[in-house]
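As you go down the protein sequences, you meet chains A and B in turn. Letter by letter, the first sequence follows residues 1 to 312 in the UniProt record's numbering. Letter by letter, the second sequence follows residues 1 to 312 in the UniProt record's numbering.
If you are wondering where the hints come from, they were derived from the structure by calculation, not from laboratory data. Every value quoted in this text rests on a predicted model; they were computed, and no experiment measured them. Warning: the hint list may mix true and false statements.
For identical chains, the list gives no copy identity; a pair is met inside one copy or between any two copies.
What the hints assert, rightly or not - In the DSBU-like style, the derived pairs of lysine-lysine whose C-alpha atoms are separated by at most 35 Å in a straight line are:
1) 58 to 201
2) 10 to 201
3) 201 to 9
4) 298 to 205
5) 10 to 98
6) 98 to 205
7) 9 to 58
8) 98 to 58
Spelled out from the first residue to the last, the chains are:
Number of protein chains: 2
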Amino acid sequence: MSLQVANGKKLYIQEVAPRDGFQNEMQFIDTDQKIALVDRLSDAGYAKIEVTSFTSPKAIPALRDAEEVMHRIRRNPDVVYTVLVPNVRGAERAMECKVDEINLVMSASETHNRANLRMTRAQSLAQLADVIASVSSERVAINVSLSTVFGCPMEGDIDPYQVFELVGRFATLGAHGVTLCDTTGMAYPSQVARIAREARKLFPKLALTLHFHDTRGMALANTLAALDEGIERFDASLGGLGGCPYAPGASGNACTEDLVHMLNLMGYDTGIREQELLDIASGLPGLIGHELPGHLNKAGLRSRLHSVPTRC
Amino acid sequence: MSLQVANGKKLYIQEVAPRDGFQNEMQFIDTDQKIALVDRLSDAGYAKIEVTSFTSPKAIPALRDAEEVMHRIRRNPDVVYTVLVPNVRGAERAMECKVDEINLVMSASETHNRANLRMTRAQSLAQLADVIASVSSERVAINVSLSTVFGCPMEGDIDPYQVFELVGRFATLGAHGVTLCDTTGMAYPSQVARIAREARKLFPKLALTLHFHDTRGMALANTLAALDEGIERFDASLGGLGGCPYAPGASGNACTEDLVHMLNLMGYDTGIREQELLDIASGLPGLIGHELPGHLNKAGLRSRLHSVPTRC
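Chain A with its partners taken away, still in its complex shape (with noise of 0.2 Å):
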């Protein structure tokens, strides 16, 4: 398996903290704060960064100032820097802001897409496909994360032919790259493997990316799963930043520095150092009000070497 074959091998690391994390928090964090964020992280080796959302304000407060966060922020033209686009009217806004690419977002559990975008799959479908064409001229990639890939809260295990069947309509519509996302932590590994393999096999063209949360402990074992599979992008959030609606209390997002930690150990170019993400991350709970669910933070690297106790 690819645990032995590294060897140096290229991955993806894409942060979503500024958005999926940011939108979570119950008070809102201050614009120069967001920027300055977004600012390091554009240094730290990341391949993508999902700086915001522009979404309704009313709808999502905490990431109200999504045009002055984009405008703001310093490029690195390494990296590229996505946003969440609901429809047609976030699409515009985020082309103003000349984003690299768009984030569209829908459920493959019918019950999920309900109640967490108050739509039907087919009324979201429909409202994504006018996304997509509304900019087949501009010179932007499309992505799309679909949610509960791995089972739904409400409704159980999904289907994977209805999550297939939704890849290949928005391959049909011009994505250029589709996330298999974990939302409430239910994926785990072997059904990962199978469907990673599936999906790299039906669609080989498109950029797949897969997102993990660490809800029940089974991240980054996932992660390895999907890496036997071949899969080369991995969201995943500072600080393991971002809850899981369903279950107060616990894990949310897959940590960036936990997940890049193991890879850099694993023999990956993740081209990121951990120390730095760590650095980084020390600053978010000042920020945020609260302690990080990720690991890293509490334990140190392995790498971090102790002087001998007096007393063991």
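Guided by the hints, dock chain B onto chain A, whose structure is given.
What follows is chain B alone, placed relative to chain A:
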């Protein structure tokens, strides 16, 4: 890889909370409550339970009731009851209690062995050889747990061939099993795969157990790597009980219910229902006076569905 071929393969789950977990608690756990816990664990489907430690009551007052616990627990003939034994005196006490197995401990790291056991490795080896000789005429299995196999918090990386030399010495002395312990959570998946493969090749007749800590979030990923190399025996601790002395606040032992949940989902036969473990674990915070680090006790089982929220 083995992700797809679990097919009901039998795995042996070994519970360490009553010894490894309680030993690290500040407050003394009432003897009756220890016994009640072990009795519930005995019916849960475990292959082995590490019940207590026959060390000096002065050294580890938390387990000063070792004899009483061993005498009063109800013994399930399907479960191996093992105890930690540091020396010949401890072995004599354990044999009087008719334990099924004695578990000997030393460290693969010279510095950690000196810090933890106040002996050189050579002195530990000699002392444990005496223990093995002292029980050679008895009907008792002998396991040796080697600490810091995947890294020492003071020395860093440990040469695997130092580990294998120790394993070989104990195999020659008559040990039935060896546990490779990731004492402070320094193991990573490609390293686990390499060491597990080599250990199985060198010692095909030894019962090899892997003992992971989740200090840096990799316990389940490391389990996956070990499974892929054919490892069938895993230590874990209910609720993730048991800390990491080198990183206050960090997670310690791999959490049994998180582990069993993943393995069952993957189609392995652990013999354990994770809901039963969650029920037992729910009583632990009241016993120890603090929350548990595991994930599942906060997030709930994957199979536990939610009703549709009024506002998602």
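Hints, verified against the model:
Taking CA atoms no more than 35 Å apart as the test, residue 58 paired with residue 201 passes in neither setting, with 41 Å inside one copy and 62 Å between copies. For the homomeric pair residue 10 and residue 201, the shortest alpha-carbon distances inside one copy (20 Å) and between copies (32 Å) are both at most 35 Å. Taking the shortest Cα distances, residue 201 and residue 9 sit within 35 Å of each other both inside one copy (20 Å) and across copies (28 Å). For the homomeric pair residue 298 and residue 205, neither the shortest alpha-carbon distance inside one copy (40 Å) nor that between copies (39 Å) is at most 35 Å.
Taking identical chains as interchangeable, the C-alpha atoms of residue 10 and residue 98 lie at most 35 Å apart only when both belong to the same chain, with a minimum of 27 Å there against 55 Å between chains. For the identical chains of this complex, residue 98 and residue 205 are intra-copy neighbours only, at 25 Å inside a copy versus 64 Å across copies, given an alpha-carbon limit of 35 Å. For the identical chains of this complex, residue 9 and residue 58 are neighbours neither inside a copy (43 Å) nor across copies (52 Å), given an alpha-carbon limit of 35 Å. Taking the shortest alpha-carbon separations for residue 98 and residue 58, only the intra-copy value of 23 Å comes in at or below 35 Å, while the best inter-copy value is 69 Å.
In this structure, the hints that do not hold are numbers 1, 4 and 7, in rising order.
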